[in-house]
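*Asks:* Mapping to this note's numbering: the sequence shown position 295 is 298, numbers consecutive.
Bear in mind the hints are in silico, worked out from the structure with no lab data behind them. Backbone N, C-alpha and C define an ideal beta-carbon position, used for all residues, glycine too. Keep in mind that a hint or two might mislead.
[As the list claims (entries may be wrong)] Pair ranges (Cβ atoms, derived):
{"no.": "1", "residue 1": "213", "residue 2": "155", "range": "47 to 53 Å"}
{"no.": "2", "residue 1": "215", "residue 2": "98", "range": "23 to 29 Å"}
{"no.": "3", "residue 1": "426", "residue 2": "450", "range": "37 to 43 Å"}
{"no.": "4", "residue 1": "228", "residue 2": "363", "range": "21 to 27 Å"}
{"no.": "5", "residue 1": "216", "residue 2": "426", "range": "20 to 26 Å"}
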Amino acid sequence: MASDDIPTPSSTPDPARDTPDTPDAAAKAAATATGAASSAGAPAREDVRPTARPTAPWATRLVVVGIALAALSLRPAITSLGALLADVRAGLGMSGSVAGLLTSVPPLCFAAFGVMAPRLARRFGPAAVVGAGMTAVTAGLLLRPYLGGTAGFLAASALALMGIAVSNILMPVIVKRWFPDRVGPMTGLYSMALALGTSAAAAVTVPLSDALGGGWRPGLAVWALPAAVAVLPWLPLVRDRDRDRGAAPGAGVSAAAGTPAPTLRITRSRTAWALAVFFGLQATAAYITMGWMAQIFRDAGVPAGTAGLLLAVTMVMGVPLAFVIPRLATRLPRQGPIVLVLGACGLAGYAGLYVAPAGGAWAWALLLGISNCAFPLALTLVGMRARTGAGVAQLSAFAQSTGYLISVPGPLLVGVLYQGSGGWGLPIALMAGLMVPQMVTGVLAGRNRTVEDEAMGAVDAVDVVSAAGTTGMTAGAEAGRSGAGSGPGRG
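Sequences and hints are given; from them, build the entire structure.
*Replies:* Structure representation (structure tokens):
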């Protein structure tokens, strides 16, 4: 990718980049705000723009490399453990209930730690936080096989997941900040690298353990190496901390008065809630697929090796489609049709698993792989449903933290239904049933609107009414004073 084709933040604030994505949108937003304030007799709100910092082409190239390397390292902590979970349980004497809890820890950590990311980014800058996050991933992956005991393993896993959580939240923010005109392609690059890292860790962890000859411990620890490499591109940007902090999400200032940008009341946005539920339901489907699909095929008589290969095919489908879907999404005014196509593939795949799991196994794996590409679409929507860096930061934190919290019960409930019913009929019915609200909320999140319009609408209305009341009271007082001094003819 040539550097002169990629827009970079400049030292001069640009409304087309730092607020709405296009000059026409910026003018329309400014005119709307001015008109609303004027019609109520209130002064117009100051134009609020994030501060920007000067950059060089090499910095932009580093960001591209950093995004790709970080994405490659955001899932091996999870999928490498899944490949060796039986060996880990035996080696640590881990009970089945603790192992079940371990499979639910990732979304819990993503929800709990992800909410800290915007505040940390405002204080230290996004590049510094992502660099620190990848350092935490490196340390957690390197230490957890060798700390000894279940408690140490869980603590080191939590450290790695904390680094993953903050990086998860800030990746859409960094894409929006550095590449506002290329949200789709850059989100596609990030999602494609994420899918590649996920499938690679699932496929090669066991062979790596055998090749290293040390059992499961080196097989897990080796994934600290790519995470350590992912730290390197962020170091030059971390050194420039002051300017990076100025470009942090939420670090906006008023162009006229130098006052801090107002904070969005994100929970007042219907689009934010729709996107959070959509994100949570697609994450539920993904975790159920990763945790249980191979077992469904094995229980249907498919050999273990083939079942693992089918799961790998499902994961690999995300590599090419993760690059195509975001590019397509950014070219459409509404993303609802993409949501419906992905949901229809999911429903067809679940129907196939119910009717003939072994007979059409490859077809069902492909269909479910396509359906799981709702994840890159959700990330693209985070960048599209907010105009500013501050808006993307808040929307990303809210949608991902809330979404991952929603996804926690899904895999556990599937296990309970499977154990209680003795078959896969009820679990598959649950999976298909969850696909319907996923499609509905995805269509709502795909409407052409932004959270700034919704979350600021109620706040602006209150401010305008308050300002209008203050203006009216002031005018009344002045009129009273004028009337008292000049007689009734001036009333």
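*Asks:* Taking the hints in turn, state whether each one holds.
*Replies:* Comparing the hints with the structure gives:
1. Range check, residue 213 to residue 155: about 25 Å between beta-carbon atoms, so the 47 to 53 Å window is missed.
2. For residue 215 paired with residue 98, a C-beta distance near 27 Å keeps the hint of 23 to 29 Å intact.
3. Look at residue 426 against residue 450: about 40 Å separates their beta carbons, and that is inside 37 to 43 Å.
4. Separation of residue 228 from residue 363 is about 39 Å and departs from the stated range, judged on CB atoms against 21 to 27 Å.
5. Between residue 216 and residue 426 the C-beta distance comes to about 40 Å, which lies outside the given range of 20 to 26 Å.
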